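Respectively, the protein sequence lines represent chains A and C. In this text, residue positions in the first sequence follow this note's numbering: the first is 1, and each later residue adds one. In this text, residue positions in the second sequence follow this note's numbering: the first is 1001, and each later residue adds one.
It is worth saying that the hints were derived from the structure and are not from the lab. Since the structure is predicted, the reported quantities are computational estimates derived from the model, not experimental observations. A virtual CB, placed ideally from N, CA and C, is assigned to each residue, including glycine. Do not take every clue at face value.
[Claimed, not checked] Label pairs and their calculated CB-CB ranges: (1) D1198/C - Y338/A: 29 to 35 Å; (2) F1025/C - Q62/A: 29 to 35 Å; (3) G1274/C - D415/A: 53 to 59 Å; (4) Y338/A - L1292/C: 36 to 42 Å; (5) Y338/A - S1417/C: 21 to 27 Å.
[What the hints assert, rightly or not] Over the 10 Å line for every Cβ pair with chain C, so calculated as not near, a few chain A residues: (6) R21; (7) A42; (8) A211; (9) G341.
2 protein chains.
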Amino acid sequence: MAGFQSLPGFREFYPEDFSRRQHIFHGWRKAANAFGFQEYDAPVLEPLELYTTKSGDEIEGQLFAFTDKGDRQVSLRPEMTPTVCRMVGAKAGALKRPIKWFSIAEFYRYERAQKGRLRAFNQFNADIFGEAGPEAEIELIALLIQCLAGFGLTKEDFYVRLSDRNLWFYYLEALGFDEAQTRGILSAVDRFEKMGDDAFKGYVEAHGALADDKQAKVLAFLKIKSLAELEAALAPFNSEKLAARLSDWRKVLDGVAAMGLAEFIAVDLGVVRGLAYYTGFVFEAFDRKGDLRALAGGGRYNDLVKKLGYADLPAVGFAIGDVTTGLLLEQRKLSPVYVGGPEIYVVIGGEAERKAAFADVQALRATGLRVEYPFKDLAFGKQFKAAAESGAKLALIYGGDELAKGVVKIRNLADRSEREVPRAEVLADVRSALGKG
Amino acid sequence: MAGFQSLPGFREFYPEDFSRRQHIFHGWRKAANAFGFQEYDAPVLEPLELYTTKSGDEIEGQLFAFTDKGDRQVSLRPEMTPTVCRMVGAKAGALKRPIKWFSIAEFYRYERAQKGRLRAFNQFNADIFGEAGPEAEIELIALLIQCLAGFGLTKEDFYVRLSDRNLWFYYLEALGFDEAQTRGILSAVDRFEKMGDDAFKGYVEAHGALADDKQAKVLAFLKIKSLAELEAALAPFNSEKLAARLSDWRKVLDGVAAMGLAEFIAVDLGVVRGLAYYTGFVFEAFDRKGDLRALAGGGRYNDLVKKLGYADLPAVGFAIGDVTTGLLLEQRKLSPVYVGGPEIYVVIGGEAERKAAFADVQALRATGLRVEYPFKDLAFGKQFKAAAESGAKLALIYGGDELAKGVVKIRNLADRSEREVPRAEVLADVRSALGKG
């Protein structure tokens, strides 16, 4: 029987698990629709080269890659970004801008199995193509917040850290670092929480900053937590690039504040995100308690569509994962109670009454009402027990006496009240009783 | 750029394609929920052995199978049945019976690419476990019909052919064929439409029926198209097995008729379905015109759960595909018109009015209303043009004059009527105007 376990890192979703996941998907979809994003879907399997072109050959070690029967190097998708760039890039001329798209899909990686590290996981991806200005960031950050707030999560539960990779580049350039040094320092910023102040300063020193005050400046920049601190740090420099970035920062923070979402945002230049392809703002969502991995992450990536061979199309996007979101909802008791049962349970007197019951069951179900009935003839008592256990609100009773009178008895299973309704009026009556009139 | 094409046989779903597919998924889900089926999901990748155990080693040639980095023989799933048997089998003791489950998922096969033969396709799967009687068939056939009728398809558009593999076994046994001969004849029945009468009779002769009248009887059995013909064909035999099957046939046809669905059903003993694991009723749905491949297919498979190493659990199920269903809906002009646009377009006077507009945009979106606004400052005329092109029903106008008075102007984009509403009442007003009060 061991051969029939599912593969390591792959999940089975039994109905109760499925309904929790569906609640998350539904919330994401509702938010994205409200924000005017269009839903798309894409292949689960792609040419390996799509990912190595974006991220370098070393990415292959983490991918669920293989050689297919046609001798193609392929990979189960580890992320949506290069795929959506291809789709948008291929039709860039025909799509109305700004292009606002989202998807909900499963992704795969092949890593050594660890506790909580799945090989298959789901993400919501939202991207805006064709808008170079910070208006796109405002729209996406507001959507990210709504994607979590829609479940009932508040600013006490999560927040979004905002940073800027290009600002780091321009700042380190203004301090006199060259590009190679800058990349080295940014990778240290990414690992700062594990390094601490002294190790970080040592790292900066080794990457070109021999002067003590330069090391201190880089360390202080990393610790910036407000727009005022950022303005103060940039004030000594007479750089158009830095001034332009600062103007964009004010626009993003003002825009998000105008939407009433300022308290969800934290300036945090310690966030640089490891992915080298970001070209501007980057952001990550975290739970406030800091118990969990990142809930979401994203940023601007203006170069990727062109790098993949299409038009020069500015882009910004983010992804939210289902696993961390699900854990946070569980912690905050915001996961839905599983309701698997019918709304209506049909109690059937016997074989003779089954025909009338079947006709009505079909008519009720055709309108979308959730209706169950017993497959086999059972005593009334057993059927009422099954009706009560099913979670149904109403029982419809098709007994010989009732049908002879041309009526159906309707029992409210909460208060056990009963009334008789002419058969022709059953559908309208139960729709009204269930608040669906 | 050729490296960034999607792989052969895999589909990209641009928003308009996605919305057509989503319409189909939504219809299936609505029907299954109404029938009290619980939704589940399962891994996209499984051990190869799961499929070879069910279908024999020769199935591997059709599978999207490969060896993973951990040296496991695996396959992208070609179907849901063995997976759902494992899931139900593993928890059979804890699940309340009858177990009624469904899923909507993508499946994969590796075949020589042909026109219209995709390597990735979607199916709705519904199964009932734990009910050996024909009540399960009634429920599933009614669900299958509702899964298509829910889109507006009628008995003029499609029908379900009902047959019975065990009845064939018992009938050929009664005629004196042994099991090996029977399997050979059934595989010929499966190919009958390509063979014709004479070739078929020749095949039957070669498989044990030397007598002319036996060949004729098998040929006549294959052509049975009604319960009356079936009863007549079985009348000469004094077989309990045949009598029991006939009783189940009457129950299924009576039950489906009681639901008002008789005209969707055709008795057709020419259907035997190629898959050897079926153990009773089998059924397939087709378009009436016969232009398309099968819409759906299924049947009873009482042995599979046990064969995979779990309890002896009777089972019956079917699958519907998205590709043929989509083609039929297109033919019948029942595909939805794509509505990608917002309900509300917000027109913004200038930078000064953007703040008030953003606050209301966020409040409207948080309730689920689909709202768009221009990212950049534009002249009013251009914004009204964009509003009209967006397909929105209402434009909300945040001009300097309006905001000074504490109002927002609401324009009905269909009849161009305008009225002013106090800002505090905008949300309630537009919900009511859009029929969502």
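Unsatisfied constraints (hint numbers, rising): 1, 5, 6, 7, 9
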